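Asks: Starting from the known structure of chain A, arrange chain B on it as the hints suggest.
Residue numbers (numbering that gives the first Met the number 0), protein chains in the order written: chain A, 0 to 335; chain B, 0 to 335.
Keep in mind that the hints are not guaranteed to be accurate.
Since copy identity is lost for identical chains, a pair holds within one copy or between any two.
As the list claims (entries may be wrong) - Below 30 Å or equal to it, Euclidean Cα-Cα: the simulated DSSO-like pairs (lysine-lysine) are:
#, residue 1, residue 2
1, 196, 210
2, 44, 210
3, 289, 210
4, 280, 210
5, 44, 8
6, 316, 196
7, 280, 44
8, 44, 9
9, 8, 196
10, 316, 289
11, 196, 289
12, 316, 8
13, 210, 9
No lab work stands behind these hints, which were simulated from the structure alone. All figures in this text were calculated on a predicted structure; none of them were measured in a lab.
Protein chains: 2
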Amino acid sequence: MTEKVLSLKKREVVDALLQGRNGSPSDAGHAFAPVNIALCKYWGKRDSELNLPINSSLSISLDRLGAETTVTPIDSPRDRFFLNDLEVDLEDDAGRRVADYLDLLRPSPAARYRVDSHSDVPVAAGIASSASGFAALALALNDLFGWGLERRELSILARLGSGSAARSVYDGFVEWHAGQRADGMDCFAERIDAEWKDLRIALVEISDSPKPIGSRPAMARTVETSRLYSGWPRRADEDIGEIRAAISGRDIERLGAAAESNALAMHATMLDSRPPILYWKPATLAAIEKVWHLRDDGSAVYLTMDAGPNLKLVFEKTTRPQVEAAFPGARIVAPF
Amino acid sequence: MTEKVLSLKKREVVDALLQGRNGSPSDAGHAFAPVNIALCKYWGKRDSELNLPINSSLSISLDRLGAETTVTPIDSPRDRFFLNDLEVDLEDDAGRRVADYLDLLRPSPAARYRVDSHSDVPVAAGIASSASGFAALALALNDLFGWGLERRELSILARLGSGSAARSVYDGFVEWHAGQRADGMDCFAERIDAEWKDLRIALVEISDSPKPIGSRPAMARTVETSRLYSGWPRRADEDIGEIRAAISGRDIERLGAAAESNALAMHATMLDSRPPILYWKPATLAAIEKVWHLRDDGSAVYLTMDAGPNLKLVFEKTTRPQVEAAFPGARIVAPF
Chain A
0 MTEKVLSLKK
10 REVVDALLQG
20 RNGSPSDAGH
30 AFAPVNIALC
40 KYWGKRDSEL
50 NLPINSSLSI
60 SLDRLGAETT
70 VTPIDSPRDR
80 FFLNDLEVDL
90 EDDAGRRVAD
100 YLDLLRPSPA
110 ARYRVDSHSD
120 VPVAAGIASS
130 ASGFAALALA
140 LNDLFGWGLE
150 RRELSILARL
160 GSGSAARSVY
170 DGFVEWHAGQ
180 RADGMDCFAE
190 RIDAEWKDLR
200 IALVEISDSP
210 KPIGSRPAMA
220 RTVETSRLYS
230 GWPRRADEDI
240 GEIRAAISGR
250 DIERLGAAAE
260 SNALAMHATM
270 LDSRPPILYW
280 KPATLAAIEK
290 VWHLRDDGSA
300 VYLTMDAGPN
310 LKLVFEKTTR
320 PQVEAAFPGA
330 RIVAPF
Chain B
0 MTEKVLSLKK
10 REVVDALLQG
20 RNGSPSDAGH
30 AFAPVNIALC
40 KYWGKRDSEL
50 NLPINSSLSI
60 SLDRLGAETT
70 VTPIDSPRDR
80 FFLNDLEVDL
90 EDDAGRRVAD
100 YLDLLRPSPA
110 ARYRVDSHSD
120 VPVAAGIASS
130 ASGFAALALA
140 LNDLFGWGLE
150 RRELSILARL
160 GSGSAARSVY
170 DGFVEWHAGQ
180 RADGMDCFAE
190 RIDAEWKDLR
200 IALVEISDSP
210 KPIGSRPAMA
220 RTVETSRLYS
230 GWPRRADEDI
240 GEIRAAISGR
250 DIERLGAAAE
260 SNALAMHATM
270 LDSRPPILYW
280 KPATLAAIEK
290 VWHLRDDGSA
300 VYLTMDAGPN
310 LKLVFEKTTR
320 PQVEAAFPGA
330 RIVAPF
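Just chain A, with the same shape it has in the complex (with noise of 0.2 Å):
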């Protein structure tokens, strides 16, 4: 019962957003889609149904690292999905996702398609491949049936698959309100206007082994039973508004400690949930001492860490010598 009117919220909003749309559809649908990292992270929702999320966030594009994504009509009584080439059943929860995310857009519900998706993700680094994927998929579905909808309309597409893909319709740094619309038609994110050559992003693996708890049942359980989560909304207002200002300014060293700071603090409320979720592995604090045992040696050098034991690092180019020399194994992406 409460299922059918939740998805009714869903529907109605994609409703509003294709209302018109008569586009002419193609034989296929193409796009690519980067993955995003959050500086200020995207941490609880006002809405589940339509991940609409308690604060507004900001990320910055990883270039070409993300999913490609094509999508055709297929004659077929269900849906297939592949994902770097290989089958995804429908019954596993990322393909039910994708399935339930084509309910919503199917023109007729007899119409069954075939999703391609490849992924340069490395997953074990622990990067939301949901983000970079759905957003790919809503980007090949305006594709293919030529909706030609605007990017802060393909933002709100790409968010009723999941939250933070919102923010992955863009390349470079971006920003995603959190709106106040109950309908969450203010909640889209939007690019924002600027470049930083020098910029590098290293993603650091400590584990690739399965998390105690997903990051949607850890958002959920840190809203409901985070005592010092009252603190976080006001919090990341003001961390959004110094990174932005250091954006602007192209000061690494604000850059990073807003970003670092901002991630601690989120897992500060996971560890201050009941039960405590603490995603931290041994090899996580020493990888942390050894980000700081960096910068106490000059090198400006940040972290930043998601719902999962792995490290991302943000640093110009100037250091990239040193961050090589601490963690030979980490990729480094220029986003610009």
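Replies: Same frame as chain A, now just chain B:
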């Protein structure tokens, strides 16, 4: 200038406590005070000179583990302080704190004292020796001068030396009331009338290397810079209620869960500080994981941590074999 004004505040409290207390001094004063482990932590001061806390706290004293102190008047131009038979330089931090404390209480400016303190507290296990140390000193001075102070007054007197010393003037479970008065005369500890024969505390040493930051500046930085800290005082109040109920029902699961959650929340506020405060070592995380695995296996073992990398475990006698097997080096104490 500030220093002088501040020390006047302490002196006023002492004058109020000792007014009309013209006891009969002995040749020597002697007292023992136990170490205490907070189950609901003291974190944040509303007055740093009088050591008035922002939140109430609740602890368990560790029976015969603590400080035994003798104070003797001496004919000397300066005080002398011996810790475990080794003389401590009065210019050292620890020595200066003792001399400053004696300054507050000597009956005439020229009176000098020898303080002999023996402590079997494993300092390396991250136990605040200053709590039992200042409690024993306050009690020994009360014995020496024959003031005949009540325990509540002794709790206030001990607090002037070290905040958590307010709790170490009692054995068993102790609640330290934050109070509201500016002079702190309503900020004292009381014994909770409950015994728990089967309760056990284990001290797990992770590291004896110097801390990156002392607990006093760490506390101050948290209050000044953590934006999640605003949720802490109310959380602590709720945790105390929960812990009190658990003690009254001798409910180890309830006691342990509340104490563990409270400790993690305190560390969460540190993590949220700028710059972040992180006392954990990689081995700390490994020990936390070990405790959680014990619980997954059905053993009611819970952890608490203070401003350091070490763990204290809370459990009942029946679980002792599991704790000893998992933490062979731990020192296990029966508080009652």
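Asks: Now, for every hint given, state plainly whether the structure supports it.
Replies: Tested hints:
1. 196 to 210: Close neither inside one copy (34 Å) nor across copies (39 Å); limit 30 Å.
2. 44 to 210: within (20 Å within a copy, 37 Å between copies)
3. 289 to 210: both (23 Å within a copy, 17 Å between copies)
4. 280 to 210: For residue 280 and residue 210, both the intra-copy (11 Å) and inter-copy (21 Å) Cα distances are at most 30 Å.
5. 44 to 8: within (15 Å within a copy, 48 Å between copies)
6. 316 to 196: within (9 Å within a copy, 62 Å between copies)
7. 280 to 44: within (26 Å within a copy, 32 Å between copies)
8. 44 to 9: within (15 Å within a copy, 48 Å between copies)
9. 8 to 196: neither (41 Å within a copy, 57 Å between copies)
10. 316 to 289: within (19 Å within a copy, 40 Å between copies)
11. 196 to 289: within (26 Å within a copy, 45 Å between copies)
12. 316 to 8: neither (45 Å within a copy, 54 Å between copies)
13. 210 to 9: So residue 210 and residue 9 pass the 30 Å test inside one copy only (29 Å; across, 52 Å).
Against the hints set out earlier in the document, violations occur for numbers 1, 9, 12.
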